Each structure stands twice: as structure tokens, then as C-alpha cells.
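Asks: Please arrange chain B on chain A, whose structure you already have, making use of the hints.
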Amino acid sequence: MNGRWSGFNIVSVVVGFTFLYLPIVLLVIYSFNASRLVTVWGGFSTQWYGEMLRNEALLAAASVTFRVALVSATAATVLGTLAAVALTRFMRFRGRLLFSGMVFAPLVMPEVITGLSLLLLFIAIDLDRTIVTVMLAHTTFSMCFVAVVVQSRLVTFDRSLEEAAQDLGCPPLKAFLTVTLPVIAPAVIAGWMLAFTLSLDDLVIASFTSGSGATTLPMRIYSQVRLGVTPEINAVCTVLIALVTTGVVAASILNKRSMVRRERAERMAFDER
Amino acid sequence: MKSLGNIRRSFSPWSDPDARPMIAIRNVTKRFGEFTAVDDLSVDIHAREFFALLGASGCGKSTLLRMLAGFEAPNSGTIVLDGVDLAGIPPHRRPLNMMFQSYALFPHMSVADNVAFGLKQEKMAKGAIAERVGQMLKLVKLDRFAGRKPHQLSGGQRQRVALARALAKQPKVLLLDEPLGALDKKLREETQFELTDLQYDLGLTFVVVTHDQEEAMTMADRIAVMDAGRICQVATPAEVYEAPNSKFVADFIGSINLFDGEVASSQANRTVIAGPDGSVVAEDPIERSPGTSLCFAVRPEKIAVSHEPPAEGTNGIAGEVWDLAYLGDMTIFHVKLASGTVIKASMVNAARSSREVFTYHDRVWLSFSPDAGVVLER
Chain A
1 MNGRWSGFNI VSVVVGFTFL YLPIVLLVIY SFNASRLVTV WGGFSTQWYG EMLRNEALLA
61 AASVTFRVAL VSATAATVLG TLAAVALTRF MRFRGRLLFS GMVFAPLVMP EVITGLSLLL
121 LFIAIDLDRT IVTVMLAHTT FSMCFVAVVV QSRLVTFDRS LEEAAQDLGC PPLKAFLTVT
181 LPVIAPAVIA GWMLAFTLSL DDLVIASFTS GSGATTLPMR IYSQVRLGVT PEINAVCTVL
241 IALVTTGVVA ASILNKRSMV RRERAERMAF DER
Chain B
274 MKSLGNIRRS FSPWSDPDAR PMIAIRNVTK RFGEFTAVDD LSVDIHAREF FALLGASGCG
334 KSTLLRMLAG FEAPNSGTIV LDGVDLAGIP PHRRPLNMMF QSYALFPHMS VADNVAFGLK
394 QEKMAKGAIA ERVGQMLKLV KLDRFAGRKP HQLSGGQRQR VALARALAKQ PKVLLLDEPL
454 GALDKKLREE TQFELTDLQY DLGLTFVVVT HDQEEAMTMA DRIAVMDAGR ICQVATPAEV
514 YEAPNSKFVA DFIGSINLFD GEVASSQANR TVIAGPDGSV VAEDPIERSP GTSLCFAVRP
574 EKIAVSHEPP AEGTNGIAGE VWDLAYLGDM TIFHVKLASG TVIKASMVNA ARSSREVFTY
634 HDRVWLSFSP DAGVVLER
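For the record, the sequence lines run as chains A and B.
Using our numbering, read the first sequence as starting at 1 and increasing by one per residue.
Using our numbering, read the second sequence as starting at 274 and increasing by one per residue.
With the rest of the complex left out, here is chain B:
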């Protein structure tokens, strides 16, 4: 199989069958009354991994994180951390720390006292505490603010204090609940890279909960896409994006076009799907039985728009330009097909002027190669 995306990963313990996971979550279910927040969920998280739980609000990702921290107890199933079953261990005895969405800084303590709080609970020597606090504040570039109270800091600085406080105890695993949720866009982008650098340099295991797919894509080694208490797919960002395993995942991460149809023929890595707007040839490792309802899911940037029909061997579907948006770096096309389906295509504006110019109601051809997308069940 060709590799997906253009990033080669040297770190991939999840593909090693002999690797022992840092956190093993097995068949965990959590119910609140009638509502099942986490439903028979199993997943392995490896040491030094940056693992993201991604999903819409209410999908159970935060509940899973709170079960790891010990604030909720699963109704059934086990959570094993580094060989130790966490069942019955209260939050204050668990060797992992959490960074809260609200940061939860203690308002009546200075920045230094906030960072020192966890160390004081360990009955660490005063000198050692002061030294560690100094290191931590330097790490998050807040050494000048040690004496300030949380309300005298900006949102970004508070986020750093929360991070320093959670890291001070050198936990095996750091849990982060929407770590960048309260920051504005620009700060969020900067902080994303800082977090990944920090995680790599310290060699820690991060489990982050987020509803922001871009955040998960940027930071995580692997993403678990969650819906209704279950994990839909666990994979690297490139796999989740290029080879989603269901329509839900395809739709949740980025935008996607679905060419619906039935299998006309399927053989030797080639499936032909006949739909209302013509046939589509798709590269597909699975042999399908004719007549099955399927769809070919293609990302907008994999579709080219042109006035001329494409060459043989490339899928070509005719349509009419319905909407156009020039964004500077790229142009987004909404093309309406004969059946009424609207397909999104985006083309990067690599040159300053284009040979081909499009406008509303132009008759155009959409072209995409057989390996531009994935075949999904409907």
C-alpha cells in the first residue's frame, strides 16, 4: 500500500504487535442514569504518544478523560496504566495529572504556589520544590511572573501556568481537556506547536481531548474519532484524513464529497460504481459483489475543475459551476451535477494568473483519479 500523506513517521509503537501499551482501556462503559456516555470502549495508548480524543460535545471524550483521572468510575471494563489496574485508586493517588479546560488555577495562590501545590502534597523538601518550580516556570517562559496571582495574567499565560502545574509532578501521563479551547486563534496556532515540542522534548505521554479537528491533526500522533460513546476510528492524522473508515469520520474531519452508486463491477483492485451522474472508477482493495450500494468519498482538493473532459483513465463528471469563492491561496468551486448533487472542489492558486478562467454557470468537468478517494459503505 502506498503511504498516506507526505509525513514519514519514525515513531509508531501502535504498529508493533509486541509493544506493551502505557494505557490499556478495555471494554469500558460509563452510564449516567439512562444515558450511556462511554459504550464498551477499548483502546491502547502507548508511552511517549500524543493521543487525541476527537469528537463533538457529548460524544463521551471528556468522560473517558475523567475516568482516566479518576473523577468518574467506569460501570464496567478496566483501565490499566503501566501494568497497574486503576480501579478503586482515588484521583489523588494516580500517577497522572490533568490540565483542566478552565485551567482551575487556585485564585488565592501566586503562580509559584500554584505550581508548587502538587509538590507540597508529596512532602518534597522546600529547596527541591523551589528548584522544580523555577524549572517549570522557565519551561513555560513565565519565570518573571512567579509572584503574580492568576487574575493578573492573560489567558495565554494562565494556560501556561496550568501546564506548568500539571507537569511539575512529572506524571507518567498528562491529560489535557480542551487545552487550547479558551485561547484566540492566533495564540492557539502558536501554542499547538509549543505543546508538541514540549511533549517530544520531555518524552511524555499526552492524552488530549478536543472538538477541534485542526487542533487534533496538528498535534497528535494518533487520533481517536469518537461518536456516541464509541471510537469510530483510531489512526494517524493522515490515515484519518485520507482513508476514513466510515462516512461519519470522513464527514467529521474536513469536508468530503460522496459519489453514491451501486457496484457495476469489481475486480483486481478496481471497483466501478454506477451512479446517477455516471460511473466512477475507484481503487479498492476489497472485492465487492455487484449491486451493493456504495459511495466513493473524495476530498475537495483531490478534484480538479476544467473546461475540457479529462484524459482516459481519470474519472470525469460533468456539471455546472453553481458557486465560486476566491480565497487568495485557493479557489473553492461548488459544482452542481445533473442529479442535483453539489460537489465541492478546491484548487490551489499556485500561479498569480490562470490560463483557465471560470465563472458562474460555466459547463465544467470534474476530474479525479481512481486513487483520489476511498470506497465507503452507505
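Next comes chain A alone, as it looks inside the complex:
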């Protein structure tokens, strides 16, 4: 491939990135607008961030969102890791294809359908819709993302490490916890971060599965925007963008770093042989 920058390449990159990020950049800029009118620039100000912190409904929604994200990301990480282990370890069991398909289907399932089906389930088992149902729903849809991330790491994991631990007198479960888990930890943490950010910005599934007193931040923002965009909302969104970006970037750096380190160690070992 030719690595040089041609005019065509530059134009397409600029157009692409403008298309992706112009709306977000605008939102961030207007969050610092002194004017109450969203589309008129009235000078730089951070007053809307102050307003935001005094808006109790927003803060309550933020607290709900963070609690949901924390609990569901943790639960999804446990379940997703277990699913990944089962899928990589037991290469041939009856219904493996069905199982792996079912684990990964939610990745492509329209959120409306996931939300609706969960809602139907909660109604059917007569579970009141509260913050708990949102947590359950988020766990369900984010665990498959965790499974994908962890499985990609487990595929390259040398199984004899765990066998060596057992050979040295370690029972199987303890061998998994003391040897396998620390080695695949970067992927598990990356999976947790991914699940956390997914939960943080989910609107559709939360709308279907939450009840009174369990309004998440995206739901609150959405309902406020229907009454008109305020600079205060811009400020909230800017904070959210910062959080999500940090999460995603941190997760990918973690994964990348551990991969680079592993490759370097392997190369070094090869050179020294």
C-alpha cells in the first residue's frame, strides 16, 4: 500500500471526521456559551456547569446512571468472562454453536427489541420496574461485549499454565483464579470499562425497563431536550462525552499495552534463545 498522502486521501479524511465530530464539537462549544439562546454565541462562560450542579433532577439521574453502570458492568464482566471461558475451553460440547450464537446475538440485536423483550419478561414475572430492572437489562446486553473481548484474549492463552498450576497442587478453581485470571486481567478490565460506558449512554433499553424514581441521565436529557435545548444540557453532555472518551481510550490503551508488552517479551525471549 502507498503510505503517501494524496489530495483525495486528505479530503476524504477531513470530510469523514467533520461528519463524525462537527456536531460534538458544536455541542462542546455551546456548553461554554454565556447566552441562554442555544444557537447564538454570547461570549465564554462556565455558568451552565454551575447551573447543572444545582439541578437536583439532573444530579439524581446522574447518580442512578452511575449506580446502574457500576453494578451492571461488574455483573456483566463476571458473566461475560465465564461465558468466554466456557466457549474457549470446551471446544466440543453439544450445542456449542447455538450457545456461542446466543451469547453474541445481542451484539447485533436492535436495542428496541432487546428493550421490549426485557420489558415483557419483567411484566410476565411480575417484577416491578425499578433501578434493579435497569441493572438487569444492562447486564444482559453488555455481557456479550465483555465475552467478545475476553474470548479474544483467552484464545491465545497457553492452557498449560493452568495445568502447571494444577500439577503443582492447586485445585482447578484456585488455579483459574491465581494463574489464569491475573494473566487475562487486562482484557477483563477492558471488558468492564466497555460495559460501563455502554451502560452510561444507553437510552433505549433504559427507557423500556426503568420505572418511577429510576430515571437515568440519558433519559433525563432526552426528556428535557423535548422541551427545548438548554445550554445546561450541553454542559451535561460535555461531561458525559469526557467520561466516555476517557473510558474507551483507557480500555484500548490497556489492551494495546498488554499486547505490546507480551509481543516484546516474546521477541526478547526468541532473541536470547
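No wet-lab data here; the hints were simulated from the structure.
None of the values given here were measured: they were computed from a predicted structure.
Incorrect hints may have been included.
With a cut-off of at most 25 Å between alpha-carbon atoms, the simulated SDA-like pairs for lysine to any residue come out as follows [to be verified]: (1) A:Lys174 to B:Gln374; (2) B:Lys617 to B:Val536; (3) B:Lys422 to A:Leu243; (4) A:Lys256 to B:Ser383; (5) B:Lys399 to A:Pro171; (6) B:Lys396 to A:Leu173; (7) A:Lys174 to B:Pro363; (8) A:Lys174 to B:Ser383; (9) B:Lys520 to A:Thr180; (10) B:Lys414 to A:Lys174; (11) A:Lys256 to A:Val85; (12) B:Lys393 to A:Leu243; (13) B:Lys393 to A:Lys256; (14) B:Lys617 to B:Leu277; (15) A:Lys174 to B:Pro444; (16) B:Lys458 to B:Ser619; (17) B:Lys422 to A:Ile189; (18) B:Lys414 to A:Thr180; (19) B:Lys422 to B:Gly454; (20) B:Lys396 to A:Lys256; (21) B:Lys393 to A:Val183; (22) A:Lys256 to A:Leu154; (23) A:Lys256 to A:Leu243.
Replies: For chain B alone, coordinates are given in the frame of chain A:
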């Protein structure tokens, strides 16, 4: 019977019928689906023995080792270790340890923690663990590297860590899966002798799996040559080399020449085999019925090449020099016989200059004594 090879063995519990084996493997079969990896295999391994399972990949040697370690369960048959049937005992409760082919060092632990891992599982006292780890690292000459992580070590050093870790629990039996497979040739040769010294000094039983016949010959007290899930021959390296019991074993260990033919006469320790390139007289303890198809298997270094026919009482077969290779320490001849068979002969270059000089297409005589080889069935 004359003794084979030039090494006298003071250690040979396998020839004592009253000796109780350390490991008794009886009629063990292991199948993976349709594939039979280990097929009705029985063998005894004695205490303090260095036992090698030798075979090509897929012959079932690794499966047998994994069954000893407990990672695979036999479909039928029993494995008894020191009087205890191992069936149903999980790997972490078996009194033997394994050194893995990939070494399987824990990447997130230091060298010392790797070696201490097995001892910690035993709930040994901290001070005792530290002492034992120190001993083990000293034993493998890695005491200066205790704080390093595995990826900061060279391949040879990692191999030593793996060895120290497996030895730390002082197992009854140490299983080694291709222990030198990942090392380069020079390091491998050094390590072979270190391993045998270590095994002798510690008085341990070693079971090693290898596909490298030279490795098995150098290190082992006895070699089990395996093929298709079965053991073809269990014997000392000299016996396996000088008296292989089948064409497969003869061919697998070193190189061999086969003089095919039919029995012309057989009596009093002498079998005459008539083949397309003439008759061959072979020393043979078994009386054969005339007409049986047999072959006389002779190693290349047992065959001499000369321009003159050999004296009476020595087998002599005429041929033409087809290929020559001067290797310095020895010269290898490929001699084509009248029937088209190519025979390999190697002659040690003991002197710097030779009276007899050979070149391509020379008419030569191959000579070998009747006791230079073994008679094998075809």
C-alpha cells in the same frame, strides 16, 4: 550372549524379576473419539530410572505422559504408582510433577514465586519455602535471577526455572515433556548431561518424552520406542541400537541397511540368507525354516569398504560407489549393488591420510562380519 555396546550398567532393576516397579502401567488404552492414541499399553518403570518415551509426533507418547500426570484419564487399564492406583486422583493430588514443553512459567510471578508456587499449595511454612526455593535456584544455577520475571530470561534460563519449579516439591517421579525441545543444539547437548547428572544426584525417577533419538540415547537408562499407541521395544540404548526387534525400531533409531533375502540354511547359530546380491551369513540365535523371507539389518558403521574382497568368514558384497561425503571425522559411502539397492557405509577417519582412496564409480567390496547386525522378519 556378548554384551551390547561398550557401557557396563551397574543399574538394571528391570532385569531383576523380584523388583517392584515404581510405576506399573497395565493394558492402558486411551481413545479420542475414533482415534486410539494409546493402545493396550503395558510397561514398568523402576525407581531411580531415567526412562524415555521415544516416538514420532502422534505416536501417543505425550498422551501417556498426560495420563501419568492426570490430565487425561485412560479409557481402560490401570496406572499404579508406588502401590497406589492413580485412577480418579486429580492432577493436584498426584505425587508427581511435570515439566511442560512450553515450560508454562507463570508470567506474572517472579522466578522465586514460580518455584515457590507448589510449596505454597502445601501450606509450607514461609521460612521453609524460602530455604527450599534458595536450594532449588542454586541447584539450577539461577540464584542471581530470583527476582526476575520469566520474560526477562533466556530460553535456557526459563528451562531451568521450569525444572526447579517441578523439582521443588520433591516429587517421586518427574515427568518431562520434550524438556530440551525449545533449546538450540549447543545448549541442548550441555543440558542433556546436566539433566542426567541431576537425576542421578537427586536419586529421582525421570520419565521423559522426546522425538529426538539422540536425546533419548544420551540421557535414558531405558528407551521405549513407540509407534501408533503401542510400545515396539523397551530396552537400554545399546540394545535398541544394536539389537532392534523390528524393522521399525531399526529404522527409527539411527540409519540401517537391510539385506533382504530368503533363508537358505539355518543351523547352530548361523543363518544363511540368500538375496539378489549374493548370500549373507548372519549370527542368529533362532533356528529358521528354509525359505522364510528375512532381512539382515546392519548399521552403516559396521560395514567396511575396500577395493579387495574380504577374507573368508566375513560377508562380502560387490558394488559401485554411487555417492561420497567426507565429513571430517568420518566418510559416508553410498554403494549401489547389482540389484539397485543402495547401501550406506561409514568409515571413521582415524588417520589423517589413508592408504586406500575412493572415488565415484569405483568397484568396491562391502564387508561385514556375521555378528555385525541382527536378523529381522520382513
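Asks: Now tell me, hint by hint, if it's right for this structure.
Replies: Checked hints:
no. : hint                 : in the structure
1   : A:Lys174 to B:Gln374 : holds, 23 Å
2   : B:Lys617 to B:Val536 : holds, 23 Å
3   : B:Lys422 to A:Leu243 : violated, 35 Å
4   : A:Lys256 to B:Ser383 : holds, 23 Å
5   : B:Lys399 to A:Pro171 : holds, 21 Å
6   : B:Lys396 to A:Leu173 : holds, 17 Å
7   : A:Lys174 to B:Pro363 : holds, 14 Å
8   : A:Lys174 to B:Ser383 : holds, 19 Å
9   : B:Lys520 to A:Thr180 : violated, 46 Å
10  : B:Lys414 to A:Lys174 : violated, 31 Å
11  : A:Lys256 to A:Val85  : holds, 21 Å
12  : B:Lys393 to A:Leu243 : violated, 42 Å
13  : B:Lys393 to A:Lys256 : violated, 33 Å
14  : B:Lys617 to B:Leu277 : holds, 22 Å
15  : A:Lys174 to B:Pro444 : holds, 21 Å
16  : B:Lys458 to B:Ser619 : holds, 23 Å
17  : B:Lys422 to A:Ile189 : holds, 22 Å
18  : B:Lys414 to A:Thr180 : violated, 29 Å
19  : B:Lys422 to B:Gly454 : holds, 22 Å
20  : B:Lys396 to A:Lys256 : violated, 37 Å
21  : B:Lys393 to A:Val183 : holds, 19 Å
22  : A:Lys256 to A:Leu154 : holds, 15 Å
23  : A:Lys256 to A:Leu243 : holds, 20 Å
The structure does not agree with the numbered hints 3, 9, 10, 12, 13, 18 and 20 stated previously, though it agrees with the rest.
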